[in-house]
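Peer 1: Here the structure of chain P is known, so what remains is to put chain H in place on it, guided by the hints.
Each chain, letter by letter, is given below.
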Amino acid sequence: MDETLLRNLTPSVLGILVRRGIDFAAAEDAVQDALVEAVRVWPVDPPRDPLGWLTTVAWRRFLDAARADAARRRREDLVDEEPAPGPAPTVDDTLALYFLCAHPSLTASSAVALTLRAVGGLTTRQIAHAYLVPEATMAQRISRAKRTVSGLRFDRPGDVATVLRVLYLVFNEGYSGDMDLAAEAIRLTRQLAAAIDHPEVAGLLALMLLHHARRAARTAPDGTLVPLAEQDRSRWDTRLIAEGVEILQAALARDQLGEFQAQAAIAALHADAPTAAETDWVQIVEWYDELVRLTDNPVVRLNRAVAVGEADGPRAGLRALAALDDTLPRYTAVAAYLHERDGDLATAARRYAEAARQAPNLAERDHLTRQAARLNALGRR
Amino acid sequence: MAKYLLLKHYRGGPAAVHDVPMDQWTPAEISAHMQYMRDFAARLEATGEFVDGQALAPEGTFVRYDGPGRPPVTDGPFAETKDLIAGWMVIDVDSYDRAVELAGELSAAPGAGGKPIHEWLELRPFLSEPPTITE
Chain P
1 MDETLLRNLT PSVLGILVRR GIDFAAAEDA VQDALVEAVR VWPVDPPRDP
51 LGWLTTVAWR RFLDAARADA ARRRREDLVD EEPAPGPAPT VDDTLALYFL
101 CAHPSLTASS AVALTLRAVG GLTTRQIAHA YLVPEATMAQ RISRAKRTVS
151 GLRFDRPGDV ATVLRVLYLV FNEGYSGDMD LAAEAIRLTR QLAAAIDHPE
201 VAGLLALMLL HHARRAARTA PDGTLVPLAE QDRSRWDTRL IAEGVEILQA
251 ALARDQLGEF QAQAAIAALH ADAPTAAETD WVQIVEWYDE LVRLTDNPVV
301 RLNRAVAVGE ADGPRAGLRA LAALDDTLPR YTAVAAYLHE RDGDLATAAR
351 RYAEAARQAP NLAERDHLTR QAARLNALGR R
Chain H
1 MAKYLLLKHY RGGPAAVHDV PMDQWTPAEI SAHMQYMRDF AARLEATGEF
51 VDGQALAPEG TFVRYDGPGR PPVTDGPFAE TKDLIAGWMV IDVDSYDRAV
101 ELAGELSAAP GAGGKPIHEW LELRPFLSEP PTITE
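Residue numbers (the UniProt record's numbering), protein chains in the order written: chain P, 1 to 381; chain H, 1 to 135.
Excised from the complex, chain P in its bound form (with noise of 0.2 Å):
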């Protein structure tokens, strides 16, 4: 039994029965009922076109269920009879997905979690488990966003901005509970890319699989962090690194960039140094003032001040970072680093440890109360 070729199959079948005029809450209950089936029929009877004996088999099941609550609610008239078979499935029933998945109208975290359901083919247990809330909570998020998006007609392209973002939020929150949310959204984004040709798209899949490379070296064996520049790049993951590399430069040959395609860029130029010392940081410069440019986001000018400490030295970084707002979240943890790279032992030990108060993670908390450790070792010797 095939499960990622049903998942695969998911958001077409969905697709197909939304672009047939179907509510989507409806249409999604049909598919997964297709699904369960499927899971029943196929280790015995193997389908010769497996994605039109899914469509055929959900849309029986939304007529049974539109007859039933007909029947219900005495109103004889509202399906009656199987229309001609619908179009092949086009990429764009694929696509249309997405970009109802994402819609503006939903909140960020009821878009993540209806592309995990619609597009992805998750359970509902899976991705509560995945974002460690009870079950029952994400049913009903996912349920509103059903409901929020059912009246919307899609038959116009969506933002492809939108579901970029959304696809970006999973691939970052990938690594807490048990479900491989960034092995997911790299699955998604894959799948986005080859229903439309974006260069954002392919920049996005770029800093996916880049980062992703890196992942068996970003923990111990223990969870502590592993900053990279610490990392043992044996331990990275050189084909993922030669594909997202190979994307990135595709895209940026079509001399439409964007911030995903910039941030790829920053790290392919990681990726691409045999040891930490060898990182070509004056050209992580420029692409960081790109990012500005296209941005203009205060955490990209953060990033910059640690890019520009390496470039010109950490006095030159900390001049960079003394223009920026304090209360931005990590300016602290950027501040000790800097200070530490200056040789102020004490001012980078007594900083180190006050963002360790204010770490959003308990990773990073342990990883900065660990740095504000070893520094007070060092001057108590």
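The hints are simulated quantities; they were obtained by calculation from the structure and are not laboratory data.
For every residue, glycine included, the Cβ atom is placed at its ideal position computed from N, Cα and C.
Misleading hints may appear alongside valid ones.
[Said to hold, decoys possible] Here are the in silico distance ranges between beta carbons for each label pair:
1. P:A183 <-> H:R98: 36 to 46 Å
2. P:L228 <-> H:L123: 37 to 47 Å
3. H:T132 <-> P:S109: 34 to 44 Å
4. H:E105 <-> P:D222: 12 to 22 Å
5. P:V133 <-> H:D83: 40 to 50 Å
6. H:V73 <-> P:P104: 23 to 33 Å
7. H:R11 <-> P:D197: 53 to 63 Å
8. H:P77 <-> P:A183: 31 to 41 Å
9. P:T4 <-> H:L123: 23 to 33 Å
[What the hints assert, rightly or not] If you only want the chain H side, here are some residues facing chain P, beta carbon under 8 Å, derived:
10. H18
11. D23
12. W25
13. T26
14. P27
15. I30
16. S31
17. M34
18. A55
19. L56
20. P58
21. T61
Peer 2: Just chain H, lined up with the frame of chain P:
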């Protein structure tokens, strides 16, 4: 079975016997402490007594209603607040004695110099559902 909350305080409880701020430990001592906490939670999962564990950021905000049509009032964080909760673990155990035993173990987590911290943990019983059989 009865559920208990094990509360860890940044401050507010009596001072730990072996009270040294964590940034004054060595990195190896920090690792040993973290490992102890992880092992403790894993052991409780294995015995079927673990329910939940969470850590909190040290600073928060106080919020209250300010009347119809008005945004809520926020205040804080207050540097002078006496009691500061660091995190909790919820356990589901057979008896009060078992809860005390586990809290004692958790308080023995190693700190500076590898010695047990002896920190004070607050043990609070959950208010449960009323029993079905009452006579």
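Peer 1: So, for every hint listed, does it hold in this structure?
Peer 2: Each hint tested on the structure:
no., hint, in the structure
1, P:A183 <-> H:R98: 36 to 46 Å, "40 Å, holds"
2, P:L228 <-> H:L123: 37 to 47 Å, "42 Å, holds"
3, H:T132 <-> P:S109: 34 to 44 Å, "38 Å, holds"
4, H:E105 <-> P:D222: 12 to 22 Å, "20 Å, holds"
5, P:V133 <-> H:D83: 40 to 50 Å, "28 Å, violated"
6, H:V73 <-> P:P104: 23 to 33 Å, "31 Å, holds"
7, H:R11 <-> P:D197: 53 to 63 Å, "58 Å, holds"
8, H:P77 <-> P:A183: 31 to 41 Å, "38 Å, holds"
9, P:T4 <-> H:L123: 23 to 33 Å, "48 Å, violated"
10, H18, "16 Å, violated"
11, D23, "4 Å, holds"
12, W25, "5 Å, holds"
13, T26, "5 Å, holds"
14, P27, "5 Å, holds"
15, I30, "5 Å, holds"
16, S31, "6 Å, holds"
17, M34, "6 Å, holds"
18, A55, "6 Å, holds"
19, L56, "10 Å, violated"
20, P58, "5 Å, holds"
21, T61, "14 Å, violated"
Hint violations for this structure: numbers 5, 9, 10, 19 and 21, all remaining hints satisfied.
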